[in-house]
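Could you put together the complete structure from these sequences and hints?
Protein chains in written order, with this note's numbering: chain A, 1 to 459; chain B, 1 to 483.
No wet-lab data here; the hints were simulated from the structure. Careful: at least some of the hints might be erroneous.
[Said to hold, decoys possible] A few chain B residues that face chain A, going by a derived Cβ cut-off under 10 Å, partial list only: (1) S140; (2) Y257; (3) F312; (4) S316; (5) V376; (6) K466; (7) E475.
Virtual Cβ for every residue (Gly too), placed ideally from N, Cα, C.
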Amino acid sequence: MQDHVQLSQTKINDDLLAGVLGMPKWWLPTVVFLVLVIFTGLGAYGYELNKGLGVSGLNRPVFWGFYITNFVFWIGISHAGIMISAILRLTQAEWRRPVTRAAEVMTIFALMAALSNIMFHVGRPWRLFWVYPYDFSRGIFMNIRSPFVWDPSAVMTYLIGSSLFVYVALIPDIAVVRDKATGRFAPKIYGVLCLGWRGTPRQWRLQAIAGILLSALVLPVFVSVHSIVSWDFAVAIGVEGWHSTIFAPYFIIGAIHSGVSAVAMIMALAVWLWKLDKYLRPDHFDAIGRLLIVVALTWFFFFFVEWIFALYTLEGPELALREFQVFQAPNKWLFLAFLLTAFFIPVPMWMFKRVRRSPMLMFLSTILVNVGMWLERFLIIIPGLARRQPLSFDWGTYNPSIIEILIVLETFAFVALGMLLFAKFFPIIPIFDMKEGMEVREEIKIGRRVVPASIRETP
Amino acid sequence: MASHTDNGEYVEGMYVPFTSPSEVVNDLVNNHAKVSDMWLRGVVAASILLVLGIIGFVMNVVEGVSDRAVWAYYALMFSFILTTASAAPMVAIATRMANAHWRRPISRVAELWSAAGLFSLLLFIPMLWILPPLNDGRRSLWFYDVNDAFFSRVPIYSPHIWMSAAILALVALGVVLLWLSAMPDLALMREHSTGWRQKWAARLSKGWIGSTGQWNMLHHRMGIVGAFYFMMLVFVHFLVSTDFLMVLVPGWIDSLYPLTHAANSLQAGVATVILTMFFLRKFGGYEDYITLDQFWALSKLLFALSLLWFWFWFSSFNVFWYGKKPSEQAVLGYLMTGAYQPAFMAGFVLSFLTPMWFMMWNRVRKSFWGPAVMSVSVLVGTFFDKLRYYVPAWSVNDVGIVQKIGEPGAAHELALDNLPKVNMPGVADVFIVLGVIGGAVLFYLLASRLIPPINIWEQKELVLYKFHKAYHRTEVMVLGKPR
Numbered sequence: 001m002q003d004h005v006q007l008s009q010t011k012i013n014d015d016l017l018a019g020v021l022g023m024p025k026w027w028l029p030t031v032v033f034l035v036l037v038i039f040t041g042l043g044a045y046g047y048e049l050n051k052g053l054g055v056s057g058l059n060r061p062v063f064w065g066f067y068i069t070n071f072v073f074w075i076g077i078s079h080a081g082i083m084i085s086a087i088l089r090l091t092q093a094e095w096r097r098p099v100t101r102a103a104e105v106m107t108i109f110a111l112m113a114a115l116s117n118i119m120f121h122v123g124r125p126w127r128l129f130w131v132y133p134y135d136f137s138r139g140i141f142m143n144i145r146s147p148f149v150w151d152p153s154a155v156m157t158y159l160i161g162s163s164l165f166v167y168v169a170l171i172p173d174i175a176v177v178r179d180k181a182t183g184r185f186a187p188k189i190y191g192v193l194c195l196g197w198r199g200t201p202r203q204w205r206l207q208a209i210a211g212i213l214l215s216a217l218v219l220p221v222f223v224s225v226h227s228i229v230s231w232d233f234a235v236a237i238g239v240e241g242w243h244s245t246i247f248a249p250y251f252i253i254g255a256i257h258s259g260v261s262a263v264a265m266i267m268a269l270a271v272w273l274w275k276l277d278k279y280l281r282p283d284h285f286d287a288i289g290r291l292l293i294v295v296a297l298t299w300f301f302f303f304f305v306e307w308i309f310a311l312y313t314l315e316g317p318e319l320a321l322r323e324f325q326v327f328q329a330p331n332k333w334l335f336l337a338f339l340l341t342a343f344f345i346p347v348p349m350w351m352f353k354r355v356r357r358s359p360m361l362m363f364l365s366t367i368l369v370n371v372g373m374w375l376e377r378f379l380i381i382i383p384g385l386a387r388r389q390p391l392s393f394d395w396g397t398y399n400p401s402i403i404e405i406l407i408v409l410e411t412f413a414f415v416a417l418g419m420l421l422f423a424k425f426f427p428i429i430p431i432f433d434m435k436e437g438m439e440v441r442e443e444i445k446i447g448r449r450v451v452p453a454s455i456r457e458t459p
Numbered sequence: 001m002a003s004h005t006d007n008g009e010y011v012e013g014m015y016v017p018f019t020s021p022s023e024v025v026n027d028l029v030n031n032h033a034k035v036s037d038m039w040l041r042g043v044v045a046a047s048i049l050l051v052l053g054i055i056g057f058v059m060n061v062v063e064g065v066s067d068r069a070v071w072a073y074y075a076l077m078f079s080f081i082l083t084t085a086s087a088a089p090m091v092a093i094a095t096r097m098a099n100a101h102w103r104r105p106i107s108r109v110a111e112l113w114s115a116a117g118l119f120s121l122l123l124f125i126p127m128l129w130i131l132p133p134l135n136d137g138r139r140s141l142w143f144y145d146v147n148d149a150f151f152s153r154v155p156i157y158s159p160h161i162w163m164s165a166a167i168l169a170l171v172a173l174g175v176v177l178l179w180l181s182a183m184p185d186l187a188l189m190r191e192h193s194t195g196w197r198q199k200w201a202a203r204l205s206k207g208w209i210g211s212t213g214q215w216n217m218l219h220h221r222m223g224i225v226g227a228f229y230f231m232m233l234v235f236v237h238f239l240v241s242t243d244f245l246m247v248l249v250p251g252w253i254d255s256l257y258p259l260t261h262a263a264n265s266l267q268a269g270v271a272t273v274i275l276t277m278f279f280l281r282k283f284g285g286y287e288d289y290i291t292l293d294q295f296w297a298l299s300k301l302l303f304a305l306s307l308l309w310f311w312f313w314f315s316s317f318n319v320f321w322y323g324k325k326p327s328e329q330a331v332l333g334y335l336m337t338g339a340y341q342p343a344f345m346a347g348f349v350l351s352f353l354t355p356m357w358f359m360m361w362n363r364v365r366k367s368f369w370g371p372a373v374m375s376v377s378v379l380v381g382t383f384f385d386k387l388r389y390y391v392p393a394w395s396v397n398d399v400g401i402v403q404k405i406g407e408p409g410a411a412h413e414l415a416l417d418n419l420p421k422v423n424m425p426g427v428a429d430v431f432i433v434l435g436v437i438g439g440a441v442l443f444y445l446l447a448s449r450l451i452p453p454i455n456i457w458e459q460k461e462l463v464l465y466k467f468h469k470a471y472h473r474t475e476v477m478v479l480g481k482p483r
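So this is what it looks like as structure tokens:
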């Protein structure tokens, strides 16, 4: 980090606790607005529960629509936390420090949003318990060969693992809030939550070991979650375009693409809303921009290979599906928008250092990526189902109803509200990590040049 | 005496670190000027193996090129060298991009394998004759269709043309990368050597004087060439695994396999570098440079890549196995559970289970022998894994199948009903296997005489960028991050 600002520990406490101990003017109106959107979405869901799935646009032969698209999208976003936090932590990348907490928290709320989509989709959510083997007295066991049993198992494991991951990294900061909080209840609640943290060497050692262990353990879970989501599609041979071996890594790299983009968006928002520009420097945006170039190119290569192999088969039904995706309206417009927003506009933008160092341009370009990646999931799921099949008597275009649209909007509002509420009660940038970053920073003078350096433990 | 610490040496039992770049230069230039007995023995042994390989090759040529099955083991070895030697420079490229300081003593160790890339180019030439053109009925990536007015215009030698261009570009990029990274060291050799070594270094160092502009340009060029090398490596694996492998088996349509092929090469490339490091440390006199740091760091990478190997393999297997499509079940039966099952099991155990089980323990990773033994396991596993793909695929003789059916797409729906008999290696095949390994090692050994196997300028930089200092009640390491 070349444009580093050295700050005192008191200054870090003051800056990063400003949102927790005080309340910015914009916070309450934003929360009220988001709550309204959520209630509207929940109202729509209540209506769907009362009337049945017929009020959605789902109908023969498209039984997977907006909800499943949205489920896959949020699962994708949830991969950002682990990508940024666990991998960068294990590789000791210094620029990770101000970014990790927001990414990890986004993982949790995105996973909750993803799970809620399944509930919206199934129509009769009171039967969800059938996927869990809790009641052996039923005399039957859940069908463990079904991808729909793999999904909840993997997602719930990931949710538990990610929550632990966030909590372990949060403990030292909760202790700081405990010491600064005023009032009757706040110090007591934070005191319970920080598990008696005093910052002894033993506590620091245990916290560091737990963080590294969780980073390593949660990585396979992170890979398994989206692999399993992809196999929901890929193991089926009945729908053209789905039965492809590349789906698991292709979904994962797509998830990382959208997830890391979402983290860049949140970084830009943190700079504007909480005025954290001393902590999120242009160098941080530059680093995440470079990472995004690598991720986007890798994702595009997977996309290219997936398409090449679809065409290489020269099988009539597969070619017909690809034609339906690319050349027939409305899919052709969506496909064009997807390519432009997910790759062809943002990636050339990121090639310029000026763009990478600008929070505004990074915000705009990464929003585009997430629009594109949502469309990508839509184009994977819907055209395959909507295309005319042999022996089918019904086919056509899928039109999402207003109910589905409201419910999808609710999930976005839910994640945004979750992030805002979290930032109200806990620091969104890890205080202890920032202080450590200031402490381990060094400079070496070599000839006439001063080179930035960092202190590491001797192996 | 062996040192497990940073650059330096033991003098009368005491560790004395190199304190100045000039000490590093003197030590490494002097070491490179010496011709050790072990190097000579290595050259003789590799030459003998190469001669055996040439004999095996001539025996195959006598058989002709019409029967592809005869050349199955040759194709396997071409792929093996592409997977191991050609991927080894990626260790230098990736770690240099990540600015990892531990790479400095081993970046040249990895880049020198680019020299073996020249050997892979030689190996590739006969393969152009063995595989038929597209109008002979073979499937390919290039959408050739004799019945279609538009697609019949696709050049019938498209696989040959594109693969030749790609592998030529890969080898050229590898050699250019090696040359670029060696340029400052060649300038040092120009200043500190005599005789042919000085002349050779003077010619290749291209007037290097180490000006700021030259250094900036060098880093810039190395970054660009490295990035292109990686892209070209992935592209070559993509072409080899499809046009020279997958298309030969009817019904084998695995969109992930080209990436599995490439990921496997990264794993095998790391294993190749670890093994080379082990030999250079043990017999090359570089124990003060190649330390535990390098083995520890690379073994973590090897562990991660072994897990990646499993994930890619399982992703393909699961989709095929669960889908229960007859054509895909036949492919699984042929390549995995049928007559080639022992090769599959060997590949699975040695490439994944063994490294995963042993390398999860820090004690194994943080040692000299542990990563070296695991690298042997991965390389042998890679050999068997490639064997169970290449040998059966090259033993399927389906030339003309498309014309018989009349519809190109239908060929992919064919199941492998009549499985070819198991292709066991003959004397010529054994000679070729040994010869190709010997040839690649020989190219490496010869290149190591021309260019120092330890990167001198990066090692000098390390002396400046890395040091230890007291910190409160302990000692810490300070690492400079110049870029």
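For each hint given before, does the structure comply? Return the numbers of the non-compliant ones in rising order. Number 5 only.
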